Each structure stands twice: as C-alpha cells, then as structure tokens.
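Asker: Dock chain B against the given chain A, drawing on the hints supplied.
There are 2 protein chains.
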Amino acid sequence: MLSLSFIKEIEKIIGRENVLTGEADRQNYAYDAAVLPPVVPGLVVRPTRTDQLGPLIQKCYEEGIPITIRGSGTNLSGGTIPDSTDAVIILTNSLDRILEINEEEMYAVVEPGVITCDLAAAVAARGLFYPPDPGSMSVSTMGGNIAENSGGLRGLKYGTTKKYVMGLEVLTETGEIMKTGACGRGCEYGYNLTELLVASEGTLALTSKAVLKLVTPPKASKAMMAIFPEVKRASQAVAGIIAAHVVPCTLEFMDNATINYVEDYVNIGLPRDAAAILLIEVDGHPAQVADEAVSVEKVLKDSGALEVVVAKDAAEKTRIWEARRVAIPALARCRPTLMLEDATVPRSKIPAMLEALDKIAARHHVTIGTFGHAGDGNLHPSILCDKRDKEEFSRVERAVDDLFNVALELGGTLSGEHGIGTSKKKWLELETSKGTLEYMRRMRSAFDPKKLLNASKIVSL
Amino acid sequence: MLSLSFIKEIEKIIGRENVLTGEADRQNYAYDAAVLPPVVPGLVVRPTRTDQLGPLIQKCYEEGIPITIRGSGTNLSGGTIPDSTDAVIILTNSLDRILEINEEEMYAVVEPGVITCDLAAAVAARGLFYPPDPGSMSVSTMGGNIAENSGGLRGLKYGTTKKYVMGLEVLTETGEIMKTGACGRGCEYGYNLTELLVASEGTLALTSKAVLKLVTPPKASKAMMAIFPEVKRASQAVAGIIAAHVVPCTLEFMDNATINYVEDYVNIGLPRDAAAILLIEVDGHPAQVADEAVSVEKVLKDSGALEVVVAKDAAEKTRIWEARRVAIPALARCRPTLMLEDATVPRSKIPAMLEALDKIAARHHVTIGTFGHAGDGNLHPSILCDKRDKEEFSRVERAVDDLFNVALELGGTLSGEHGIGTSKKKWLELETSKGTLEYMRRMRSAFDPKKLLNASKIVSL
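Just so you know, the sequences run in chain order A and B. With the working numbering applied, the first sequence covers -18 to 442. With the working numbering applied, the second sequence covers -18 to 442.
Only chain A is shown next, with the shape it has when bound in the complex (with noise of 0.2 Å):
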C-alpha cells in the first residue's frame, strides 16, 4: 500500500489530475495483451511533459517503489504487467509529440508515446519511410516498440526497431538523464548504449526521447500469393526464394486452420482447401521490383504450388494484406483465448518447425493455428483456448513448454520479435547459458542495484 504522503509528492510533479489512485483506473492497467494472471498497481501516473520524467523516477526509486514504463500495453510477453500491487505505473501516452523530422539527415525524433502508425504517417508525408510495421501499429508507442524490439511484416528485409533507433535520451535510476547515439547514423564507437537500451523492456531506464533512421522509400511493389497443397512445398519454396538471392520485403505463410479462420472472419476468397499459403512482396526500384517478381514466381512453382496470384492493382493488393493482417483477430474470436507466441527457427527447419507442431497439437489435443513471417524462420504458432478451463489450460502450458523446446532444439530463438517479459523467462538459459544469465544479471546489478525497474522482467535477479 502505497503511503499518502508518497501520492501527494507524485501529484506535485505531474499535478493531480494526472495521478490515477481509484480501483477501477489501476484495475485498466493490471494487464496487458500477454496471456497472464493481472496484477494491479498499487498507482497509475500519467505524466504531460519528458521533464517529469527524470523527478518521477527518482522519487519512487528513492522511496523503493517498483516502476513499470507502459505505451499502449499491446505487449505479448507480459513486460507492461506491474512487478507487484506496490508499483506504479508510467504511461507514456501523453508523451506523444513527434519533435522533428529532418528531411535532410533522414531522421526523426519523437516522444515514446507516439502511436507507431502516426510516426509512419507523418515521414510519410515528407517523402520518406519508417519501416517498422509491428501488428499493433495502430496503437503501440515508439516507446513501446523500442522496449520490445517490435518487428512487423516488413522485418525480412527492412529488419526490426532497433535497425532504426539511432540514438536515445533516458533516465537512469536516480532521474540524471543519458543521451546515447550520435549524428547521423548513430554511434559507431565505444559501448553501443542505444544497441543495449533496445529491448531491454524497462528494465535499465525510462525512454524520453527517440531518434529514429528513417530510409528512402521503395520505388515499387508487387504482392502475389500462393497456394500450396502441402505445408512442405511452401516451406520449400521459402528456402528457395532465399536460395534465388531474392530477399522480399514480406514473406508471410499461413496454414489450412488460419486460412478458414480469416475466411470466416472477413470472406475474401482465400483458398479454404490450401495446405497453405505464402503472400509475398517484393520492393525496390522497379525493374528489380519485376525480375524479383519472375524468380519468385518460378521458384513457387517450381515448389508445386497449385496457382500464384499476382496482384494486379491496388485493390488486390489490399486485400492480399488484409488475409495476412486480420490474422490475429479472426483467430482471437474464435476461442476466449489466444495464446499467440513467436518461437522462431532458422529458415531452414520450417518444415520441422510445422511438423512438430502438428504433433505437439495433436499430443495435447490443443488447436494451433500457423501464421508468422517465415522468411524470417519467425512463426506465431497460435494456440485456441479458454484459459479460465483449468484442464485444457494446463494442456495448453504443456503445448507450448514443447513448442519452445522443439524451437530451441532446432537452433531457433524464443523470441522474434515479441520479447521475453515474465511469459518466457523460464526458457531463457536453455537458449543461451547460465553464463549469459549471470552476465546480465551482473549488468543489470549495476544499472537497478535496488531491483525496482520492471524488475521481473527478462531474467529474474
């Protein structure tokens, strides 16, 4: 329980009207997108301006409040949810001014709470292109993103957030600010400050600031689908597309259950009868745009694919995106519960990936649906459930303590771009060591030695 005389200092930094004391309010912010038992803060503050960022974080840290930085809480591995009913909870969402576009450097510098979408939208306007499109755009901050390390449908060749965080200002622990990163391309010497900071969830200091690479935007596009009879071929032609030296800006794929679950959510044709499909897209300048278009095309056929559909236009173009996009909901309508995860492999073992899945669905008698960005080897393996059902539920943990175990036998990774949070801490060593761990507790130590910021997030200290 949080003391009054705390609060009432809290309320002189950021003025009453923007600390969040009631029931109700703090109850909003137990949770976030991640699967995971709610935990409400014990307050919920919402400051106006980053210069109240630095006294905020200095006075819960000296008192020993845990802290938890929270954007939009579109987080899928738990990282928003608070460490414990005494914490208090940052939004940043009020922190939402985009401060500059620079045309000529090719950057921009923004607030953490700027909506993703509307950072897109506005270097949009001035001729030029923020890659990264995590599923959340619409909603998530910058702040968030960078926290995260989000990703999107454009990561196979344009990469994830911290591709384009060039430099950052922070607040340490006891509210000093640190500006990391340099002019122009970012910091090229030295410890990569901004590199370490990307993430890192939270966990080292609060972003007030961001200054973001922004790249010239492809002279052209093509998007195609294909359907495949059989999971193999697609995976196969996924491979193969690599092989040819084609790198497209998305390569998604979907199985058989996703796609009838998208065609019942919005009815736009896709083939119900696939064993899956890919959608792809190639960019860049446009000769490149079509040569690429050929190798695909040839290259899915050769794999068997049953028909590729070029886009001819626009619309059909939207609409090949629009399959791949309302993925997640029409996936999450169907049962109380979606368990969305992001088990990653190397390109390579996809087809092994799937197989194991098929079988980890069927051991445990769980509904996965495949969807994900498999030229990155990054799949959502999305499990169908009502975790308030206590036997399936506990069918469900067992499911994806083998999915992530399959992932990390098959040389793949926890997380492409969804984070580690609470939800997959426990699998952590297995993918790296116990050396690792202890290096990052140790580093950790000397940024937090009260264990106060999102403290039990990535690896328990």
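Rather than coming from a laboratory, the hints here were simulated on the basis of the structure. Small disclaimer: the values here were computed from a predicted structure and weren't measured. Hints may be right or wrong, so weigh each one.
Listed below are the simulated BS3-like cross-link pairs for lysine-lysine, each with C-alpha atoms no more than 25 Å apart in a straight line [claimed, not checked]: (1) B:K200 <-> A:K190; (2) A:K138 <-> B:K144; (3) A:K415 <-> B:K190; (4) A:K213 <-> A:K144.
Answerer: Below, chain B alone, put in the same frame as chain A:
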C-alpha cells in the same frame, strides 16, 4: 615484472613455443597504428586454439595481470597498446579458421584471427557478400574489426561491422564461455549483448568466435569520378545525392592536397588542379544502377562539377578505386608521422567542417590532407608531421583539439569507424555527458571488477 611462476603457468596452457618473453619480441607489440607513445608489454602469448583463451584469461585475471587482446595491430586509436609494462598481450593471429560458411542461412562463423579479406574472398567464392571493407582489410583481423566496429568505403550503404555481427562467443574474466545472439538474424530480444560487445575494444570480454551475417552481392555497379573547381560545390553535391534519394554504395571525397599526394605517389592521372573530387559507386539491380547513375550525374553537374568521368569498364573502375585506396600510403610517405583522424559530422555540415579544417591548418601552420567517406559525413582529416619535432607536434596536437571541438560543435561525433581507444578519451564527455560516462563505468565495473581488461581504453575507470 611478471613472475617466472606465472610465465610457467601460461606456458602450461599454450605451450612454451607460444609464449614470447624476449625484449625484441615484446617491443614489436608496444604500439599500433595510432600515433601514441609505445608501452612494452610484460609478455606476449599466441594461443593456437580458442579453448586456450578461457584458461588464459582466468589465470591472468586471478593473478591481477592486465590483458590486451590484439589481432594485426592496425588500430588507429591506440586500442591495442598495452595498459602497462606488466600487461599480457594475447595475439589472435593463430586463431584464424573460418569454421563455417552457411549458404542457406547466409552466415559465416569465424575465429577472431581470420583476416578480413580472406573472409570476404571465401564468401565471395560461395556467391555471397561480406560488405565491410576497412582500409586495412588485407591485414586486419575480424576480431579487431569487431572490437573497433570497423567501417570502410561501403559504409554509407552497407553499414559498419556491427551490422553484420549476429552472435558472439566470448570469454568473461572468469574464463567462462558466454554465447550471445541467435540463429538466422541475430538475437531480437532482451539485452543486445552482441551489440554491446561490438566496438567495446576488448574491455568487456575476449572474443573467441563470431557469427557474421552475409548478404546477396549486388548484380551490377557503376563507378564515377567528379571534378570540382570549389570544395563547397563538392559538398553540395554530396547533400544533393542524398536528397535525390540515392544511397550510393560509396561516396568519397578527396581534397586538392590529397589528390596531389596520391598523384605524386601513383601517377594515375588525377586532376591536380581540382579543388576536390568525389569518387562514387552505385550498386544493385542493373536497371537501378543505370537510373541512379543518371540521377547522380545530374546532381554532380547541377552542383557545378567541371567533369564527370564514368568508368567504362572494370579497368577504369579499378583505377578510380586505386586512387582512393592509396590515399593513406600516399600521405604517409610524405612526412615521418601521419595523424589520421575520423571526425564525423552530419552530412549537411560537411561544407562547414571543411572550411573549419582550412582555418585550423592555417591557425596552427600544419598540413592537413582531407579525404574520406563524405556520404556518411565521416571525413579523415590527416595531418602530416614529424612527432619527434616537439614544437611542430604540439601545434599538431592543438590542431587535433580544434578539429574535434569543431566536429562536436557541428553536431558530429568523435569517430565514424576508428574507435576511441586512448587517443579520443578526453573528448568523450564533451560528446556525450557526465551521466553517460558514469553509466559506462558502472556497466564496465560489473564485468571487469579488477580493471584488468584493456582498462585504459574508451573511458577511464
């Protein structure tokens, strides 16, 4: 003075023949390519297997012996100069195996002593491409490239070494192996330990293995040289090319002094009267290359280039790049000492930087030849002098001070690709902040509590 018993212990680990104790041997490792006072190490050891690195570091650390790891010593900021006359130099040159080139997943695994151009050639032979091409690549090691985050002529489009390091195996101070990174595309979650270790100049751990990303080689390229009557027009052209949304693979600048030194040296027909030349290469899809070459030529002419020479064949292209590649030896042979700096400014500030360099040269009566990666704003102002002439060298040191102060005033950075080492430490706080240095010290203390790992480098402990 190292004890005989310590030396005996080291001999047990790596064999007597790999322990160099003689004065002459040790003298060889007292300096690197930076212009700094030599420090003769206490011992030089040459492990022949990476599994010897753990016991080596453990033994030294236990005994409180300073450690500096070293590849070919081409470092330009003093990163491989021993910390004291007690220090042990660990040479990686015998750890030079390319362990794997995986064409399907597009990565290579190397030991730290692999020579950069040997890796580049080996992957090229398999139809792949490792882009970083530091000037010293014919002798520099991958371990050194990683420790310093080396760049090169292709940095503008392809980035520096850090963009290609997907994972590392390192030895911590206790001799424990730590693996960082993950399959396929590196690690996308939690603490980016790989990125933290890249550019850390041997101050956090010793690298025993690196997983490097490979890419698809460009299908075509075109090189050209533009001759300018005024420096200002050349730098306007640089900004114009970027504004035209062309990202050349390489975009190099050379001033009149450098042009003449190069011409004196290799006599390849450079325009001795030109105020400056730009050397440019665009690469990618053939049609894109053709279009970009047209765009670049237009910008060059609009900016006031007197002449644009487009390489008609491979021989002409080679000639253009030879002019640039020999810049350092051409300058270095003129006077006993070459102070080669890599102050970097935002591209839009190149004209201001070049003007400032002229003033600095005049103010301190020193000769500065300037060339470098204009597209990145990463210039190499190089002062020709004789460090044995104390009066002259004190003027040179004042000029270097002025040069970095100006670069930072222009929003620039201390290093584009040469690291901090000991030579640039004194300006680091000016670029970052006291808080940033404190943060670096805290992190470093967590990993090197006894301050033995190349301790005098980057930031004072």
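Asker: All the hints need checking, so say for each whether the structure fits it.
Answerer: Here's how the hints hold up against the structure:
Between the alpha carbons of K200 of chain B and K190 of chain A the distance comes to roughly 39 Å, so the proposed pair goes past 25 Å and is violated. Between K138 of chain A and K144 of chain B the CA atoms are separated by roughly 14 Å; this keeps the pair inside 25 Å, and the hint holds. Between K415 of chain A and K190 of chain B, the direct Cα distance comes to roughly 18 Å. Compliance with the 25 Å bound is thereby established for this hinted pair. This hinted pair does not check out: K213 of chain A and K144 of chain A have alpha carbons roughly 32 Å apart, beyond 25 Å.
Hint compliance for this structure: hints 1, 4 are not met, and every other hint is.
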